[in-house]
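If you read the sequences in order, they're chains A and B.
Counting along the first sequence from 1, when you hit position 8 you're at 8 in this note's numbering, and nothing is skipped either side.
Counting along the second sequence from 1, when you hit position 3 you're at 3 in this note's numbering, and nothing is skipped either side.
Since the hints were made in silico from the structure, they are not lab data.
Here the structure is a predicted model, which is why all the values come from computation and not from measurement.
One thing to keep in mind: the hints can contain errors.
[Said to hold, decoys possible] Simulated crosslink set (SDA-like; lysine to any residue; CA at most 20 angstroms straight-line):
| id | chain 1 | residue 1 | chain 2 | residue 2 |
| --- | --- | --- | --- | --- |
| 1 | A | Lys30 | B | Val28 |
| 2 | A | Lys30 | B | Leu29 |
| 3 | A | Lys30 | B | Pro15 |
| 4 | B | Lys20 | B | Gly158 |
| 5 | A | Lys30 | B | Phe18 |
| 6 | B | Lys235 | B | Arg17 |
| 7 | B | Lys235 | A | Ala8 |
| 8 | B | Lys235 | B | Gly131 |
| 9 | A | Lys30 | B | His90 |
| 10 | A | Lys30 | B | Glu237 |
| 11 | A | Lys30 | B | Pro49 |
| 12 | B | Lys20 | B | Val87 |
| 13 | B | Lys235 | A | Glu33 |
| 14 | A | Lys30 | B | Ala234 |
| 15 | A | Lys30 | B | Gly220 |
| 16 | A | Lys30 | B | Ala16 |
| 17 | A | Lys30 | B | Lys20 |
| 18 | B | Lys20 | B | Val181 |
| 19 | A | Lys30 | B | Phe30 |
| 20 | B | Lys20 | A | Trp4 |
| 21 | A | Lys30 | B | Ile21 |
| 22 | B | Lys20 | A | Ala8 |
| 23 | B | Lys235 | B | Gln128 |
| 24 | A | Lys30 | B | Arg239 |
| 25 | A | Lys30 | B | Leu25 |
| 26 | A | Lys30 | B | Leu230 |
| 27 | B | Lys20 | A | Val20 |
| 28 | B | Lys235 | A | Tyr26 |
| 29 | B | Lys235 | A | Pro3 |
| 30 | A | Lys30 | B | Val113 |
| 31 | B | Lys235 | B | Leu29 |
| 32 | A | Lys30 | B | Arg23 |
| 33 | A | Lys30 | B | Gly158 |
| 34 | B | Lys20 | A | Arg31 |
| 35 | A | Lys30 | B | Ala238 |
| 36 | B | Lys235 | B | Val28 |
| 37 | B | Lys235 | B | Pro91 |
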Amino acid sequence: MNPWPFVAAAYAAMLGGAAVLALVSYLAMKRAER
Amino acid sequence: MLNVSLPSFHAFANPARFLKIARPLTPVLFWTGALLVAIGCWAGLTQTPPDYLQGETVRILYIHVPAAWLGMGGWSGIALSSIALLVWRHPLAAVAARAIALPGAVFAALCLVTGSIWGRPTWGTWWQWDGRLTSMLLLFFVYCAYIALARADADRGGDGRVPALFGLAGTVLLPVIRYSVIWWNTLHQGPSIGLTRSTIDATILWPLPIMLAGFSFLFGAIVLMRMRALLAVAKAEARMRRMARI
């Protein structure tokens with residue numbers, strides 16, 4: 001079984017999830033502080 | 001000890017003073033975290049050898065462990081904020097707990113997702129109802145319940161005591177998750193990383209502290225952003241209430 005698709009999927013999920021969370025939090029902060 | 005730490009603890013009770021520190025601290029935490037995560041990803045994907053048993057899949061360790069650390073650490077933050085609210089009536093404690101809840105839930109979910117992806121090539125299955133996986137899933141559900149409860153309490157003008165009690169009660173899950181691999185026979189490996197020693201070879205382990213620090217800084221930045229948003233909304237609502245009275 002080729003391990004790299006699993007490694008890539010795990011990194012994409014973690015980095016993507018953290019990035020979306022940071023973006024949503026940033027936009028909510030900007031909207032509220034406007 | 002308590003008397004010494006209380007003045008600095010209560011120095012942040014004033015939202016204006018808190019915001020004065022939080023505003024410059026947010027980008028510092030965010031960009032330091034992003035830089036450390038970038039270095040950690042580079043090191044974890046290219047600079048460490050494959051494990052003799054798991055091969056290249058061991059690289060999932062560098063993101064799975066920070067997700068678990070922050071999923072559990074987030075609930076510890078909610079518990080500490082709950083104590084600050086119930087014992088000292090700290091005015092920012094409820095805001096901090098609400099701000100921590102969503103990032104904590106997201107990282108608990110990411111821990112489950114990355115663990116599932118790691119499990120397929122390692123164990124031959126995506127999921128197993130064993131002690132560690134099930135207790136972590138329970139923590140995610142408890143996070144979801146806390147978010148709903150805290151929002152309902154805030155919408156009804158509550159003082160945050162009910163969510164704080166729930167936050168304290170939920171801490172019972174943390175030792176269950178920690179010791180689940182010792183108490184029960186699980187597919188999940190036993191404790192391999194301690195404060196003083198690790199069963200993982202240093203040539204594989206060294207990027208992990210970089211990733212732990214990086215994601216912790218990012219988590220801190222996200223919590224500060226959410227606290228700032230909640231405080232701004234509360235300020236706007238208070239202003240509208242004052243205007244309605246006039």
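Here is what the structure says about each hint:
Between the alpha carbons of Lys30/A and Val28/B the distance comes to roughly 17 angstroms, so the proposed pair stays at or under 20 angstroms and holds. Proximity of Lys30/A to Leu29/B is assessed by CA-CA distance (about 17 angstroms); at most 20 angstroms being required, the pair is judged to hold. Restraint check: the Cα-Cα separation between Lys30/A and Pro15/B comes to about 17 angstroms, which is no more than 20 angstroms; the hinted pair holds. About 27 angstroms separates the Cα atoms of Lys20/B and Gly158/B, which puts this hinted pair outside 20 angstroms; it is violated.
In summary, the hint linking Lys30/A to Phe18/B is supported, as the alpha carbons are separated by about 17 angstroms, within the 20 angstroms threshold. For the proposed pair Lys235/B and Arg17/B, the alpha carbon gap of about 14 angstroms is at most 20 angstroms, so the pair holds. The straight-line distance between the Cα atoms of Lys235/B and Ala8/A is roughly 43 angstroms, outside the 20 angstroms bound, and the hint therefore fails. Of the supplied pair hints, the one linking Lys235/B and Gly131/B is violated, its CA atoms being roughly 44 angstroms apart against a limit of 20 angstroms.
Among the hinted pairs, Lys30/A with His90/B is inconsistent with the structure: their alpha-carbon atoms are about 25 angstroms apart, more than 20 angstroms. At roughly 16 angstroms between alpha-carbon atoms, Lys30/A and Glu237/B fall within 20 angstroms of each other, so this suggested pair holds. Distance hint between Lys30/A and Pro49/B is unfulfilled; the C-alpha atoms sit about 43 angstroms from each other, more than 20 angstroms. Of the supplied pair hints, the one linking Lys20/B and Val87/B is violated, its CA atoms being roughly 25 angstroms apart against a limit of 20 angstroms.
Distance restraint check for Lys235/B and Glu33/A: the Cα-Cα separation of roughly 10 angstroms lies within the 20 angstroms cut-off, and the hinted pair is therefore satisfied. Proximity of Lys30/A to Ala234/B is assessed by CA-CA distance (about 14 angstroms); at most 20 angstroms being required, the pair is judged to hold. At roughly 17 angstroms between alpha-carbon atoms, Lys30/A and Gly220/B fall within 20 angstroms of each other, so this suggested pair holds. Between Lys30/A and Ala16/B, the direct Cα distance comes to roughly 17 angstroms. Compliance with the 20 angstroms bound is thereby established for this hinted pair.
For the hint pairing Lys30/A with Lys20/B, the CA-to-CA distance comes to about 16 angstroms; that is within 20 angstroms, so the pair holds. Of the pairs offered as hints, the one joining Lys20/B and Val181/B is violated, with about 44 angstroms between alpha carbons and a cut-off of 20 angstroms exceeded. For the proposed pair Lys30/A and Phe30/B, the alpha carbon gap of about 15 angstroms is at most 20 angstroms, so the pair holds. With a C-alpha separation of about 45 angstroms, the suggested pairing of Lys20/B with Trp4/A is violated against the 20 angstroms cut-off.
Pair hint Lys30/A plus Ile21/B holds up; C-alpha atoms about 17 angstroms apart against a cutoff of 20 angstroms. For the hint linking Lys20/B to Ala8/A, the alpha-carbon distance of about 40 angstroms lies beyond 20 angstroms, and the restraint is violated. Proposed proximity of Lys235/B and Gln128/B is contradicted: the alpha carbons are some 47 angstroms apart, above 20 angstroms. Of the supplied pair hints, the one linking Lys30/A and Arg239/B holds, its CA atoms being roughly 18 angstroms apart against a limit of 20 angstroms.
For the proposed pair Lys30/A and Leu25/B, the alpha carbon gap of about 16 angstroms is at most 20 angstroms, so the pair holds. Our distance criterion of 20 angstroms between C-alpha atoms is met by Lys30/A and Leu230/B, whose separation comes to about 11 angstroms. Taken as a hint, the Lys20/B and Val20/A pair is broken in the structure, with Cα atoms around 26 angstroms apart against an allowance of 20 angstroms. About 18 angstroms separates the Cα atoms of Lys235/B and Tyr26/A, which keeps this hinted pair within 20 angstroms; it holds.
Our distance criterion of 20 angstroms between C-alpha atoms is broken by Lys235/B and Pro3/A, whose separation comes to about 51 angstroms. A C-alpha spacing of about 30 angstroms is found between Lys30/A and Val113/B, which places the hinted pair above 20 angstroms, so the restraint is violated. This hinted pair does not check out: Lys235/B and Leu29/B have alpha carbons roughly 25 angstroms apart, beyond 20 angstroms. In summary, the hint linking Lys30/A to Arg23/B is supported, as the alpha carbons are separated by about 12 angstroms, within the 20 angstroms threshold.
For the hint linking Lys30/A to Gly158/B, the alpha-carbon distance of about 26 angstroms lies beyond 20 angstroms, and the restraint is violated. A threshold of 20 angstroms between alpha carbons decides the hint, and for Lys20/B with Arg31/A the separation of about 19 angstroms falls inside it, so the pair holds. Distance hint between Lys30/A and Ala238/B is fulfilled; the C-alpha atoms sit about 19 angstroms from each other, no more than 20 angstroms. A C-alpha spacing of about 25 angstroms is found between Lys235/B and Val28/B, which places the hinted pair above 20 angstroms, so the restraint is violated.
A C-alpha spacing of about 13 angstroms is found between Lys235/B and Pro91/B, which places the hinted pair at or below 20 angstroms, so the restraint holds.
The structure shown violates the earlier hints numbered 4, 7, 8, 9, 11, 12, 18, 20, 22, 23, 27, 29, 30, 31, 33, 36.
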